[in-house]
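> Below, each chain spelled out in residue letters.
2 protein chains.
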Amino acid sequence: MVCEKLPQLGSGNQGLEYLFHPRSIAVVGVSQDDTNWGRMFLLPLIQFQYQGNLYPVGLQDGEIAGMKIYRSILDIPGPLDYVICCIPAQFTPQLVEDCVKKKVRAVQFFTSGFSESGEENGKELEQRLVDIARCGSVRIIGPNSLGIYCPSQGLTFLNTAPSLAKSGKVGFLFQSGGNSRELIEIGSTRGIYFSKGVSYGNACDLNESDFLEYLAWDKETEIIGIYIEGVKEGQRFFKALKGVAKIKPTIMLKGGRTQAGSQAAASHTGSLAGTMFVWEAVCQQTGAILVDDLDEMMDLMLAFSYLEPPSGRRVSIIGNSGGRTVQSADVCESAGLSVPSFSAAIRDTLREFIPETGASIRNPVDSYFLGWTPLLLSRTLGVLGSYDGIDLLIIDIPVTISLLGFGGHDDVRAQVETIKDFKTKCHKPVVAVVSYEGTPDILQFGFELQRAFIAGGIPVYYSMTRAARALSRFISYYKKDPS
Amino acid sequence: MVCEKLPQLGSGNQGLEYLFHPRSIAVVGVSQDDTNWGRMFLLPLIQFQYQGNLYPVGLQDGEIAGMKIYRSILDIPGPLDYVICCIPAQFTPQLVEDCVKKKVRAVQFFTSGFSESGEENGKELEQRLVDIARCGSVRIIGPNSLGIYCPSQGLTFLNTAPSLAKSGKVGFLFQSGGNSRELIEIGSTRGIYFSKGVSYGNACDLNESDFLEYLAWDKETEIIGIYIEGVKEGQRFFKALKGVAKIKPTIMLKGGRTQAGSQAAASHTGSLAGTMFVWEAVCQQTGAILVDDLDEMMDLMLAFSYLEPPSGRRVSIIGNSGGRTVQSADVCESAGLSVPSFSAAIRDTLREFIPETGASIRNPVDSYFLGWTPLLLSRTLGVLGSYDGIDLLIIDIPVTISLLGFGGHDDVRAQVETIKDFKTKCHKPVVAVVSYEGTPDILQFGFELQRAFIAGGIPVYYSMTRAARALSRFISYYKKDPS
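Top to bottom, those sequences are chains A and B.
With numbering that gives the first Met the number 0 as the guide, the letters of the first sequence map in order to residues 0 to 482.
With numbering that gives the first Met the number 0 as the guide, the letters of the second sequence map in order to residues 0 to 482.
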């Protein structure tokens, strides 16, 4: 079964909307075995409250989670929009033939063993899937991919229902499955929430450009994260990136930017990775933000998710303990932010309630050894919030040494509530640094504070260094100066 | 009471040994109030099992923790070696006079409000302390400092007994108190253990050179961390640094390396910070390792604490999931490590038990989707451990996605035990990356794994990026090539 031409199905733009709203899904390759991958795709869809019709397909008769297991997708009654394939590679051509017969709109292959294997027959098999799909109107995601994530529709590829995930405004386009799972799970913990995303693997049919054009068009997506190893259509991708990056902040992580990484990418998604030099030029010309690792991507997604563009680069740091504030000023300036001295008038005002001995009323402000009582903190924030000599505020909450020093858990909780209350009245961007490395007690408490800040709309960074780097690049995006 | 010349007490070298072995300590400025700083110095000394005589001194009569509170150090029966001062600045000259009378060997001032205040009378008061001390043989640590840390002697300045702290081989010389507390608390969590350390503040008498010469001489100290804002004796410090850094890895964090940081340093320890350019040159000429923040310092201390110098820069990465291994290879090579392809013979051997589909037998090795069973992991490690094409092994344990993917807690625990068992037989350095950002469950489990690795002598990094940067600089220290 080989046809000649792929019908115009509306690739890119709104043409892919249907992928994120399938009325029915079949998971093919399901068994009741605990380690069965089909089952690991199927059950989370139920937990994540997918509302359409869900059909397990497998070789075992019987039921799973109260649903009848079908022998073939052709046995499924009614229409079928979307198929998730977890069967071995050699059986996949037959499945695509069935998809054509069943008028399935898209099939996603978790199955691997295609072009990424580096073997000639893997490449041929992958091409055969495309050839068969072209006989109908079936589009392919993958192979060697995790497929579609869309929390508003209950679509997920995590093996557990993500505990903190909810719908948001960040879209992602990830060639890697593992990386996209990490992005969702860690991102959700940090308060980064997703509109739509795709792990698209080898990209034998639908590719990075199709999905980028879609995310550019999608109204629910305001920020875009891309993890890419290789590009199928260079010119088209460049054009799409140039169009979208100016309107929606687009953060790019390039996999395979070194020789060793490139070799790993070849065996991961069969990609020819290209040199880093090219990618730096691409990002510079399109306005996309190139990052070094997934942590840096999330640091930036956090800034774009929570903060209004600030009026400039001048930060005030509300610090805790002397050496830390010196370091904070250093890392902020090294990252390209400015930590200006306060005006004499502001220093006079601060001096009214912050004594100078054991504290600092310069920028950074530091009252650690006096204790940041809610009253002192609230007055300080009030003064700085309305001071036009600074553009944004960073508040440092070092959980480890806070608990070693003054006050206990409730004192630190009171500081957080004071800051959240201030935030509701302040027009400047407010950022918290909550570093909470340590014993399980500290870890647990740090997590609690982090979630409290997120609930108050305040993004949390794990270190001043990471906050400063992300904020500087965040500001550069709007100011269009080099970061 | 002003004398002319400081007697030769043996500053530097072994001359300061007595500071770390005081036979008796008085804490001056103690009350029973919960927020009293004297009390916060006194009680941890008991918890930390200081074995010498301990004397609370304060204005209240009565007892604290079963010990009589003395009105003056002059009332203390028997000799007194060391005084910790927590009384307000204006009363400190009288205390130093008493110290001279009592033949105290050293007094440490937690008290601030001296030269760091920027006020002329603060500077004068500080000089007066020195002048009075010179009448006797009293040496001063500080003011505006936390003093001496020496776990083998039960000497601490943490306000709580550090839960995981024990004696080790890292010495520190920190101008800042807050930073040194953070170093101890977070360091101990990560398995970095300390021989001796000092938070020395304004350095009006004993300064950075005295302590550096001592740590250079001290046999218990094999690795040195320095946090410095300003230097009192530039030439002497340079000479000491040049002498020690070649023999004991010396990691330097410079506070006040930017304009804003420099201003903060002036108000923190009254230091003239100097330009970063000078410090880069100093480190290059002496062999000290200059770092950007405290995290990077600890990452390096960890490498020097646990690893034998490797034979070269060639790493093998044992990975978990495709996109992560591509990223791992990229960040290692970007940091200056090499991730070479395995020889055909090694690939053939690995192919015997790792199938190529859904896995990789190149470098990085990745068997995530097949599951790293103890048998598979152990065989893989066995092959790489005896392969002379690589110099060190990095094993990536992404706790977040491991738990989302195959296996539960016990499977990951089994992986850790397999690696620890392998380490007992392997002559190459072995490093683990355990990234465990996430919900409290993940945090708690990650901490458990981290402690298990530490118990097996395997250092743990929180991300591949941080591991790669630290390891590359660690190797450069021995190879003497630029990192």
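Hints may contain errors.
As the list claims (entries may be wrong) - Short, incomplete list of chain A residues facing chain B, as computed with Cβ under 8 Å:
| no. | residue |
| --- | --- |
| 1 | L306 |
| 2 | S310 |
| 3 | R313 |
| 4 | R323 |
| 5 | R361 |
As the list claims (entries may be wrong) - Output of the computed footprint for chain A on chain B, the stretches with three or more beta carbons under 8 Å from beta carbons of chain A:
| no. | region |
| --- | --- |
| 6 | 16–28 |
| 7 | 231–244 |
| 8 | 258–269 |
| 9 | 290–297 |
| 10 | 389–397 |
| 11 | 442–456 |
Since the hints were made in silico from the structure, they are not lab data.
Using N, Cα and C, we set each Cβ at its ideal position, and we do this for glycine too.
> Evaluate each hint against the coordinates.
Each hint, compared with the structure:
For L306/A, the shortest C-beta to C-beta distance to chain B is roughly 21 Å, which exceeds 8 Å, and the interface hint is violated. Because the smallest distance between the Cβ of S310/A and any Cβ of chain B comes to about 19 Å, over 8 Å, the interface hint for this residue is violated. Because the smallest distance between the Cβ of R313/A and any Cβ of chain B comes to about 10 Å, over 8 Å, the interface hint for this residue is violated. Here the hint on R323/A is kept, as its CB sits about 5 Å from the closest CB of chain B, short of 8 Å.
The restraint placing R361/A at the interface with chain B holds, with a minimum CB-CB distance near 6 Å, inside the 8 Å limit. Counting residues of the region 16–28 of chain B whose beta carbon lies closer than 8 Å to any beta carbon of chain A gives 0, which falls short of the minimum of three for the stated coverage. For a cut-off of 8 Å, the count of residues in the region 231–244 of chain B with a CB near a CB of chain A stands at 0, and the three-residue condition is violated. Interface restraint, the region 258–269 of chain B with chain A: holds (9 residues with C-beta to C-beta distance below 8 Å; minimum three).
Counting residues of the region 290–297 of chain B whose CB falls under 8 Å from any CB of chain A gives 4; the rule of at least 3 is met. For the region 389–397 of chain B, the stated coverage by chain A is not satisfied: 1 residues place a CB nearer than 8 Å to a CB of that chain, which falls below the threshold of 3. For the region 442–456 of chain B, the proposed coverage by chain A is satisfied: 3 residues have a C-beta within less than 8 Å of a C-beta in that chain, meeting the threshold of three.
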